[in-house]
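Colleague: Going down the list, the sequences are from chains V and F. Residue numbering for the first sequence follows the numbering used here, starting at 167 and increasing by one per position. Residue numbering for the second sequence follows the numbering used here, starting at 167 and increasing by one per position.
Derived from the structure by calculation, the hints contain no laboratory data. Fair warning: there could be bad hints in the mix.
[What the hints assert, rightly or not] If you only want the chain V side, here are some residues facing chain F, beta carbon under 7 Å, derived:
#1 G233
#2 G379
#3 K422
Virtual Cβ for every residue (Gly too), placed ideally from N, Cα, C.
Number of protein chains: 2
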Amino acid sequence: MNELTINLNSRSKKPLYEQIYDYIKSDIQTGRIPYGEKLPSTRALSRHLEVSRSTVELAYEQLLSEGYIESAPYRGFFVAQIDELYQLKKEEQTAVKKVEKKRKFKYDFTPNGVDLNSFPYNVWRKLSKDILIDDKTELFRTGDPQGEYGFRCALSNYLYQARGVNCSPDQIVIGAGSDYILMLLSMILGRKHMIAFEDPTYKQAYRVIHTIGYETVPVMMDQYGMMVSELEKSGADIAYVTPSHQYPTGIVMPIKRRMELLKWAYAKEGRYIIEDDYDSEFRYKGKPIPALQGYDAQDKVIYLGTFSKSIAPAIRLSYMVLPETLVEQYRIRGSFVNSTVSKVDQLIVQRFIEEGYYERHLNKSRALYKNRHDVLMEALKPLEDICEISGEHAGVHILLTFENSWKEQELIEKAEKEDIRVYGLSDYRIREADNEKATILLGYANMKEEKIKEAVEILNRLWR
Amino acid sequence: MNELTINLNSRSKKPLYEQIYDYIKSDIQTGRIPYGEKLPSTRALSRHLEVSRSTVELAYEQLLSEGYIESAPYRGFFVAQIDELYQLKKEEQTAVKKVEKKRKFKYDFTPNGVDLNSFPYNVWRKLSKDILIDDKTELFRTGDPQGEYGFRCALSNYLYQARGVNCSPDQIVIGAGSDYILMLLSMILGRKHMIAFEDPTYKQAYRVIHTIGYETVPVMMDQYGMMVSELEKSGADIAYVTPSHQYPTGIVMPIKRRMELLKWAYAKEGRYIIEDDYDSEFRYKGKPIPALQGYDAQDKVIYLGTFSKSIAPAIRLSYMVLPETLVEQYRIRGSFVNSTVSKVDQLIVQRFIEEGYYERHLNKSRALYKNRHDVLMEALKPLEDICEISGEHAGVHILLTFENSWKEQELIEKAEKEDIRVYGLSDYRIREADNEKATILLGYANMKEEKIKEAVEILNRLWR
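Could you build all of it, start to finish, from the sequences and the hints given here?
Modeller: Below, the structure written as C-alpha cells:
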C-alpha cells in the first residue's frame with residue numbers, strides 16, 4: 167500500500183496524529199487493510215497528507231504499542247495478524263433495572279437507628295479543617311497498615327478506662343467498618359474453623375462470616391446468654407458472642423457464664439472467643455458492664471469495637487484488639503494489607519477522643535437515648551397485660567414478647583397498615599424456632615419522643 | 167452477713183455507689199465473701215454506711231446485672247456461684263518488641279513512589295470544607311454499600327472517556343483500597359477458583375489472593391505478556407493480568423494477545439479475566455492504551471482501578487467494574503457488606519473529577535514524571551554498554567537488564583553501600599527463575615531530578 171487517503175480535520179479538537187491513528191486502526195479492525203499489508207512509510211504518508219513527519223510517526227508508534235502493526239527493521243510497518251477481532255462493546259447499555267426503593271414509614275422503630283441531630287458537626291468541621299492545615303505531604307503518604315500509632319494509643323487508653331479492656335496499641339488493628347474487620351480477621355485466622363453464633367444473633371456479622379466461607383453453627387441461649395454446654399457439643403472452635411449486651415435480646419452475660427466461656431476457650435489449643443462489644447456505650451442504669459476481654463488471662467479473646475454506632479454510621483471506623491498470640495499471626499498474614507481508613511479520618515477521631523469531645527458526645531447521646539427509652543417504657547405501660555417487656559435499660563431497642571395466641575407476622579403487618587414499621591425477632595434467628603412466642607423489637611434511637619407516644623398509642627389499639 | 171464495713175470517701179471523684187460496688191465485687195472475687203452468703207438488705211446497709219438507700223440499691227443493681235449477686239424474691243441478695251474466678255488481666259503489659267524501623271536511604275528508587283509535592287492541597291481543603299458545610303445529617307448516615315450513586319456516575323463517565331471502559335454506574339463497586347476490593351471480590355466469586363498470575367507480577371495482589379486461600383498458579387510471559395497457551399495448560403479459570411502496562415516489566419499487551427486472552431475466557435463457562443489497570447494514567451508517548459474491558463463483548467472482564475496512585479496513597483479509594491453477569495452475584499453475596507469509604511471522601515473525589523481538578527492534577531503529575539523519566543533516561547546513557555533498558559515511556563519505573571556475569575543481589579548490595587536503594591526483579595517473581603539475567607528496577611516518581619543524576623552517576627561507577 168502506498169497511499170492512504172484520510173480526511174483530516176485541522177479544526178477538530180482531536181490532534182492530527184490521533185485522527186490518523188483512529189483511521190488506520192478502524193481500517194484494520196474492519197479488515198479494510200488486511201493482515202500482512204505494508205503501510206506507507208512515515209515520510210510518504212506525511213507528504214501525502216501534508217502533515218509533519220513526526221505527526222505520522224506518533225500515530226504509527228501508538229498503533230505499534232497497541233499491537234495493530236509491527237515494524238520490520240529496514241523494511242517498514244506491516245499490519246499484524248490478529249486472529250479474531252471482537253467488536254468493541256456497544257456503547258449503549260441496556261438500562262439496568264433499579265433496585266426497588268425501600269418504603270419509607272411514618273414511624274420506624276428500627277433497632278439500627280442513630281440520632282444524628284446531636285452529631286457535633288461544628289467540632290467535626292473544626293478538627294477536619296485543623297488537620298488539613300496542620301499537616302502537609304505526610305498526611306497523604308501511605309499510612310501504617312495497622313492504623314496510625316497515635317490513634318491506637320488514644321484508643322487503648324480509652325478502652326482501658328471505659329471498657330476495662332487491657333491492651334497495648336500493638337494489639338489494635340484499625341479498619342473501615344466491622345464487616346471489613348471480620349474479613350481481615352478471617353485472613354489472620356485462616357479458614358479451617360467452625361464458628362459458633364448465639365441464636366438469635368447479629369445477622370450482619372453472621373452473613374459476612376458465612377459468605378467468607380466458614381462453617382458456622384447456631385448455639386442455643388438461655389437467660390444468661392450462650393449455653394456453654396451446647397457450645398461444647400457443637401464442635402466449634404471459635405465462639406462469636408456479645409456478652410455486654412446480647413444482640414438482639416439485650417441479655418447481659420453474668421460473671422459466672424463469662425468464666426465458663428473462658429474456661430471453654432482455655433480447655434483446647436486454638437480456641438478463641440470473638441467478643442463483639444458493639445454498643446456498650448449506651449447503658450442507662452449504673453455503670454457500663456466491663457468487657458469480657460478484661461477477664462481473659464490466657465489470650466483467648468478477640469475484642470471488636472466500632473465508632474459507627476457511637477459517632478455516626480458514615481464514620482467508617484472499627485477496630486479489633488488481638489490477643490498477643492494472634493499479633494504475630496497478624497504480622498505474617500495480615501500486616502501487608504494496606505489500611506482501609508484514611509489518615510485524615512484517624513486523626514479526626516483521635517483528637518475527638520483526646521480532647522474530650524467523644525466523652526461529651528457520648529454523654530449527650532446517652533441522655534437523649536435514655537429519655538426516649540423512658541418515654542417508650544412509659545408509653546408501653548398500657549400494653550403490659552398483653553406482652554412482656556425485656557432488654558430495657560441499655561442499647562437502643564427493647565423487646566416485646568407476646569402470649570402464644572399472637573403471631574409475629576400478624577403483629578408486623580397490622581402495624582405496617584398504619585404506617586408503623588416494627589421488627590420481628592425471627593429476622594435475627596439463624597435456625598427457625600418452632601412454637602416461639604411472637605417477639606417484636608422496638609428501636610427508639612432515631613425517633614422523636616412525640617412520635618414514640620403517637621406510635622405506641624396506635625399499636626396498643628391495633629394489637630388488642 | 168448483717169454488716170459490711172466499707173470505708174467510703176465522700177471527697178473521691180468516684181461516686182459512692184461505685185465505691186460500694188467496687189468493694190463488694192472485690193470481696194466476692196477474692197473469696198472474702200463466699201458463695202451463698204446473704205448480703206445485708208439495702209435498708210440495713212444504707213443505715214450502716216450512712217448513705218441514702220438509693221445509693222446502695224444502685225450498687226446492688228450493678229452487681230446483679232454483672233452476675234456477682236442474685237436476688238431471691240422476698241429473701242434478699244445472695245452471692246452467686248462462680249466456678250472459678252480468673253484474675254483480671256495484669257495491667258502491665260510486657261513491652262511488645264517494636265517492629266524494626268526501615269532503613270532510610272539517601273537515594274531511594276522505589277517503584278511505588280508518588281510525588282506529593284504536586285498534590286493540590288488547597289483544592290482538597292476547599293472541597294472538604296464545602297462538603298462539610300453543604301450537607302448535614304445526610305452526610306453521616308449509612309451510605310450505599312456499593313458507593314454513592316453520584317460518585318459512580320462521575321466515575322463511569324471518566325472511565326469511558328479516559329480508558330475506553332464501558333459500564334453503567336450499577337456495575338461499579340467502590341472500596342477502601344485495592345486489597346479490600348480483592349477481598350470483596352473473593353466473596354462474590356466464591357472460593358472454588360484457581361487464579362493465574364503473570365510471573366513476575368504485582369506481588370501485593372498475589373499475596374492478598376493467596377492469603378484469602380485461593381489456589382494460585384504462575385503463568386509464563388513472553389514479550390507480549392501472559393502466554394495464553396500456558397494459561398490454558400495451567401488449569402486456572404481466572405487470569406489476573408495488567409495488560410495496559412504489565413507490572414513490573416512494563417509490557418503493553420498487543421491487541422492480538424488481548425484477543426487470544428478474551429477467546430480463552432469465552433471458551434469455557436465461568437472463566438474470568440481480572441484486569442488490574444493500576445497506573446494507566448502515566449504514559450509519556452502518545453495516547454493511553456485502552457483498557458481490555460472495552461474489547462470484551464461477552465462480560466468476562468472484571469476491571470480494577472484505584473485513585474491511590476493517581477491522587478495519593480492515603481486516599482483509600484479503589485473500585486471494580488463488574489461484568490453484568492457478576493452484578494447479580496454481587497447483589498446476593500456482596501451488597502450487604504457496608505461501604506468502607508466515607509461519604510465525605512467519595513464526595514470530595516466526585517467533585518475533584520467533575521470540576522476538572524482530577525484531569526489537571528493528572529496532567530501536572532504526568533508532566534512531572536515525564537521530566538524525571540527523561541532525566542533518568544539521559545543519565546543512564548553511559549550504562550547502555552552494560553545493560554539494556556526497558557519499560558520506558560510509561561508508568562513510574564524502568565528496568566535495567568544486565569549481562570550474565572552480573573548477579574542481582576550483588577548489584578543491590580553495592581548500591582546499598584553508597585546509600586542508594588534499588589530493587590531487584592526477583593522480588594516480583596512467584597517462581598524462582600534459574601539463569602535469569604540480573605534485572606534492576608528504578609522508580610523515579612518520588613526523586614528529584616538532581617538526585618536522579620547524582621545517584622545514577624554513582625551507580626555507573628559502582629556497577630562497572
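Colleague: Going through the earlier hints one by one, which of them does the structure break, listed in rising order?
Modeller: As far as the earlier hints go, not one is violated by this structure.
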